[in-house]
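Trainee: One-letter residues, chain by chain:
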Amino acid sequence: MGEIYVDGARCQGHARCWALAPETFEIDEEGYGKVIPGRENSGDELNVRKAIRNCPERAILERSDDEAPAKNEEVATS
Amino acid sequence: MSTEAERGIADNKPDFDFHGRALDNIFDEYEEILAKRPVGHSEKYGGFWYIAKSEDIFNAEQDPDTFAVGPSMILPSFGTDVPLIPIDIDPPAHSDFRKILLPMFTPMNIKKLEPGMKETARQLAEEVLSSGEVVDVSAKLARPMPTIIFSRLAGYPEEDWPIFDRWIDEIIYERTAKPETAYAAGRELNDYFDRLLDEREKAGPDAAKDDLIAQLMKAEVKGRKLTREELLSYCYLLFLAGLDTTAWAIRSALWYLAGNQKAQQQLRENPDMIPGAAEEFLRTLSPVQAMARTVKTDTVVQGQELKAGERVVLVFGAGNRDPEVYEEPNEIKIDRENNRHLAFGGGIHRCLGSNLGRAEMVIAMEEFLKAVPHFERANDAEPWHGVGPLTLKIGA
Ligand code: HEM
Ligand code: SF4
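Residue numbers (our numbering), protein chains in the order written: chain A, 13 to 90; chain B, 64 to 459.
Think of the hints as simulated: they come from the structure by calculation, not from any bench. There's no promise every hint is true.
The calculated DSSO-like cross-link candidates involving lysine-lysine, where the alpha carbons are at most 27 Å apart (straight line), are [to be verified]:
hint, chain 1, residue 1, chain 2, residue 2
1, B, 162, A, 46
2, B, 181, B, 203
3, B, 396, A, 62
4, A, 46, B, 175
Pair ranges (Cβ atoms, derived) [to be verified]:
hint, chain 1, residue 1, chain 2, residue 2, range
5, B, 251, A, 34, 42 to 48 Å
6, B, 186, A, 15, 25 to 31 Å
7, A, 56, B, 224, 26 to 32 Å
8, A, 35, B, 291, 24 to 30 Å
9, A, 34, B, 372, 31 to 37 Å
C-beta atoms are modelled at their ideal positions from N, C-alpha and C, and glycine is treated no differently.
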C-alpha cells in the first residue's frame, strides 16, 4: 500500500482512526483526523487496516491511488 | 408526471414504522425490506420513503444538497416545531453552529471527563448491588449516569435533575401516542432554558465556568452573538440528544449481556474487549434507528424515483444489518472487527456527541461488570429498546 492520508473533505471527525490506531492517527482541535507526520507508510499495519475499514466516512485514502478509498473498502467481512 | 401507482406507492409498506412498539419486531421487518424492498413508502407520519441499505444511506448523507435536513430531521417532532440547532439546519449555516461546540467534544476533551465518569458509574453500580436481588438498572444506572455526566458538562444545576426524566419520557416516548403531552412538556423545557439563560446572564461571565451553556453564550457566528431563540433551540436539542440516547445505549448493552451469560463473562474477564462490544451493540441495538431528510431535487434510489419535497427516512438500524456489509448481520458478535456502522449517522451531521456517548457506554459497562459478579434478566417481557425498566436478578 502507498502513502495514506485523511481526506479532509470526507473526514467528519468520528475519531475511529485514532481509537483503533493511535500510533498512526491524531485528532486536531476540532476533532478531525490526520495521519501523524512520518506515519504515512503504515498502511499495511493491522491496526491501520482496521482503522481504514472502520472509518464511517471512508476518508482514509491511499495517495498512489488518488480519490479511490483505501483497500479493503468494500469487503463485507467481519 | 408519473402517477402514484406507477411509482409503486400504492402497494408499498404503508405501515412501516420505527417507533415505540413497532421496534419490538423491527429486526424481522428490516430483514424483509432489505431483501425485498430496500426503498419503500410508508403512510405513517404524513408519509415518507424509507431507505434501508447501508450504501444508499451513506450516499444520502454525503449529499446534503439533495437530501436536506430542513424542516426537521426528527420525525415525528420532539414536542416543538422550531428548527433545532444544529440538527435541523442545512448548509451553509449549519457548520457555523456546529463549529462552536466541536472542540468540546473531541476525544481528548472527553478523556478529561473520564475520571469523573468512572467515579459516577462506580457509585451507581454499587448502589445497584446494595439495592437487593431484583433491581431496575435502567432507573438505577442507565438513566442517571448520562443525566449526571451530561448535566455537569452542559451546566444544568443539580437541583433540576429530578425533573429531566419526565420531560424526556413525554417529549420522546409519548410524542406519537400523546402529541399534546409532548408539546406541553416541550414548552416546559423551553421555559426552563429561558430561565436558566436569564440567570446565567444575570450572573455575568464566570471565568470558572466552561460548560456548554457558557460556550454557547460567548460564541459568535459571522461576527455576532447567538440570539436568545438560537440559544434556546441549541439547548433544547442538546438536552434531548445528550441524555436519552446514551441512557438507551447503556440499557440495551446491559439488556443483551443479562441474556447472554457467555458474553457477559467474557467481557468481565477481558475488559479490553468492551470498546469493541460497545460498537457491536451500537450497530445492532442503537437508540437512533432512523432520521429524516427532505428531498430537494428529484432523484432515484434503488430504481425508485423520489420527488422534490418528499420526506425520506434513513433507517440506520436497517443499514446496520445489511447482509451486503456484515457477515451474519443479525448475530451480535462482541468481537466483530469490521464494524463501520451508522449508529451515529454520517456526513456533515455526524453525531456531535459520539465520543461522549461511546465513553459513557464503555465506562458504564466496565464499572457494572466489575462491581456486579453476575446478573440475568428478571422479566423477559421487557423489550430491547427504549429507556423503560430493565429488571435484573443480581447475584453473587
Ligand atoms: C450512544 C449515544 C448516541 C447516539 C447513538 C447518537 C446518534 C446520533 C445520530 C444518529 C445523529 C444524526 C446523525 C445524522 O443524521 O447523520 C446524531 C446527531 C447529533 N447528536 Fe447524537 N447520539 C448519541 C449521543 C449524543 C450525545 C451524548 C450528544 C451530546 C451532545 C449528542 C449530540 C448530537 C448532536 C448535537 C447532533 C446533531 C449534529 C449535527 O446536526 O451536526 N449525541 N446523534
Ligand atoms: S475515523 Fe475517519 S472520519 Fe473519523 S476522524 Fe478518522 S478519518 Fe476522520
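Trainee: Please list, smallest to largest, the hint numbers that this structure does not respect.
Mentor: Violated hints (numbers, rising): 6, 7, 8, 9; every other hint is consistent with the structure.
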